[in-house]
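Number of protein chains: 2
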Amino acid sequence: MNKSGKSSVKGRHKTDISYSVSRIGEFGLIERILGKFSIGNRRSVLVGPGDDAAVIAAGKGRPLVLTTDMLVEGTHFRLEWSCPEALGFKAVTANLSDIAAMGGAPVGIVVSLGVPASVPIKVIDMLYLGISNALSRSGGELLGGDTVRSERITVCVAAVGNLAGDRPLLRSGARKGDKVCVTGSLGCAEMGLVLLKRYFPRQRGSRRSAILSWARRGIGDFQSRIPREIRRDGYACILKHLMPAPRMREAQLLARQGVRTPSSMMDVSDGLSSDLSQLARASSVGIEVFEDRIPIHPSAVRTAGHLGISAARAAISSGEEYELLLTVPPSRLKNLSRTMKQAGATPLAVIGEVTGAKGITYLIHPDGRRSRLTHAGFKHF
Amino acid sequence: MNKSGKSSVKGRHKTDISYSVSRIGEFGLIERILGKFSIGNRRSVLVGPGDDAAVIAAGKGRPLVLTTDMLVEGTHFRLEWSCPEALGFKAVTANLSDIAAMGGAPVGIVVSLGVPASVPIKVIDMLYLGISNALSRSGGELLGGDTVRSERITVCVAAVGNLAGDRPLLRSGARKGDKVCVTGSLGCAEMGLVLLKRYFPRQRGSRRSAILSWARRGIGDFQSRIPREIRRDGYACILKHLMPAPRMREAQLLARQGVRTPSSMMDVSDGLSSDLSQLARASSVGIEVFEDRIPIHPSAVRTAGHLGISAARAAISSGEEYELLLTVPPSRLKNLSRTMKQAGATPLAVIGEVTGAKGITYLIHPDGRRSRLTHAGFKHF
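Going line by line, the protein sequences match chains A and B.
The first sequence runs 4 to 384 under this note's numbering.
The second sequence runs 4 to 384 under this note's numbering.
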């Protein structure tokens, strides 16, 4: 993203109606929208747009965290792949992961659901079963919603939570010298998508049959079509892609560690490559990440090996992982790791370091070469 | 809606995948969804699903009000009629009116926007101009959002607010003997839609040209095609349909009046007929409303007269009016009306009375005949 280039394009075309959204992309669109609002006029808005979620003061109560995410059929999911239960689960996860990334604990969600009138009720039942399961697992209640008719299934969730600690964990707090860490391991979500594309090719015109078929069988059906050698690993990857869960427990533990521990945090939703560069920009720092320190899930490694794909590349670009990406002052790292271990939380992997090169993110390969990382996640426009 | 009939249908078909959403309707679907959740387990959730908005405790701070509404192209609006500015404005109004109806004051909104990549940026600019104007008018800030690709323009807003008074104004507080009141006057929204249908017939295949055309001209263009005799009144009706505003000021004034004043409140979004019957059900009371006491906007009366339509019928079925419907103990009515007048707020019209006939709502015609009112608003499924 070249800022100056984007600005000149913006100026030149601002009244040209043939100039479409696809020309400025999602991030350009967001900047353009926010440029038109007077943000942060109210003292009650502690964090406005631009981070994982907004934070609102609540008098003497704990500040509130608010976020929204929309999943649209054809853009975010295909009915041949996403069973309705997984769809409901993932819609909740996308939102609760944003609450987690701010250091929040969920209170509840509202769900706006758009569905064609022809959709079987069983499908709606399964979708809300997924929503219910995700809430049971990560916390929060269904608080309300809206149900409307829509040609394409559209699930829009907004989630509200409380800060678990004394302050929100922002993207903008990283400082030179901090260590860059990630929870858990990466790669499965991307490998799950690769498997679905390879072994479950799109059947044109099969939307209704896909819906009916999901209403009959469960998510386990995928196993039968994955080659035997990687059936177990492949299924784990597909499950991670279809039904990821937020790191709610780890987030709340991290939120209670005190000053600059962590110094910044966000969730891995667009892919590590894109998310690292967003964190670097928000903090006005540089980041260097070592390829061979990025934790890759064993199932992703074995699946990638079987398919002849680079597991490291998959792990770096894999979106919707919903792991936490954070920076920690080096002096606090040992203590923090021990605390996480004692609490039985997923361990942190140290993958790199914060540098002074403002906004510039490098991936250091095992042979010492450096690649510049940019927004390389899924492009909406 | 026959409750026992619906239950038997529910039982019989619950595993039949050919049984679609259109068979149980929107209200049946909502009941079915809520039946699957354990609602109200958390003490922090003061009001769960089923009212205009949810209410959440915020420690020692004022409780929070949360709601969501989704507008989908083809279901809620057509691009030939709704200019993007009006669409943004209306999406905010639908949500802030729910906040108002609970006796809340807005803090802010999050906006999930789905648009095709081919949409001109000018259209997005206009849409957010409408959002910005609605927020400037009624209060609240843009707190965040999500922008995604979608075949049909979809605007999903979630709004958060604080209670303005000590308690939420619920649908369920009406008691026998209370007076039924409505703010402002009704009918314009429905007459605006009738005019659009009559004088601006749908042009098939013109989606892109409709978008481009809106990007060029403004909402004032409608005036030129309305017959001269009703141009001014007709345009007022179309404006009310396209860009309604919530009764934010009146709601906050009402929320500060103390015990049972009002005893119940909701907004007129599905149409007075449907909303009265929802209020009666929620309060387990009956309602009798006098047709000749329902305040009809003069522009709606004149437009209906010109078109040979019953203005009273239009006023009773008119959805998306966003007026407030409330019940008040008779002993408090005089004081309340004086308070509203002194504050320069829109006056209340007393349109009827709460009876003991549980859940049954009657419209009393000028000749003394009685019609049963039911859910007769827009049917989503």
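I should point out that these hints are in silico values taken from the structure, not numbers from a laboratory.
Please note that a few of the clues may not be correct.
Put simply, identical chains are the same to the list, so a pair is met inside one copy or across any two.
Unchecked claim - Below, in silico cross-link-like pairs of lysine to aspartate or glutamate (DMTMM-like), each with a Cα-Cα straight-line distance of 20 Å or less:
#  : residue 1 : residue 2
1  : K39       : D128
2  : K63       : D169
3  : K344      : D128
4  : K63       : E34
5  : K337      : E356
6  : K63       : E83
7  : K200      : E232
8  : K63       : E356
9  : K200      : E291
10 : K344      : E232
11 : K200      : E294
12 : K39       : E291
13 : K344      : E83
14 : K200      : D169
15 : K200      : E83
16 : K337      : E34
These are the hints, each one checked on the structure:
no.	hint	result
1	K39 - D128	between (40 Å within a copy, 8 Å between copies)
2	K63 - D169	both (12 Å within a copy, 16 Å between copies)
3	K344 - D128	neither (39 Å within a copy, 49 Å between copies)
4	K63 - E34	neither (33 Å within a copy, 36 Å between copies)
5	K337 - E356	within (15 Å within a copy, 69 Å between copies)
6	K63 - E83	neither (48 Å within a copy, 48 Å between copies)
7	K200 - E232	within (18 Å within a copy, 61 Å between copies)
8	K63 - E356	neither (37 Å within a copy, 41 Å between copies)
9	K200 - E291	neither (32 Å within a copy, 60 Å between copies)
10	K344 - E232	neither (34 Å within a copy, 78 Å between copies)
11	K200 - E294	neither (26 Å within a copy, 61 Å between copies)
12	K39 - E291	neither (34 Å within a copy, 48 Å between copies)
13	K344 - E83	neither (40 Å within a copy, 59 Å between copies)
14	K200 - D169	neither (44 Å within a copy, 55 Å between copies)
15	K200 - E83	within (11 Å within a copy, 38 Å between copies)
16	K337 - E34	neither (38 Å within a copy, 51 Å between copies)
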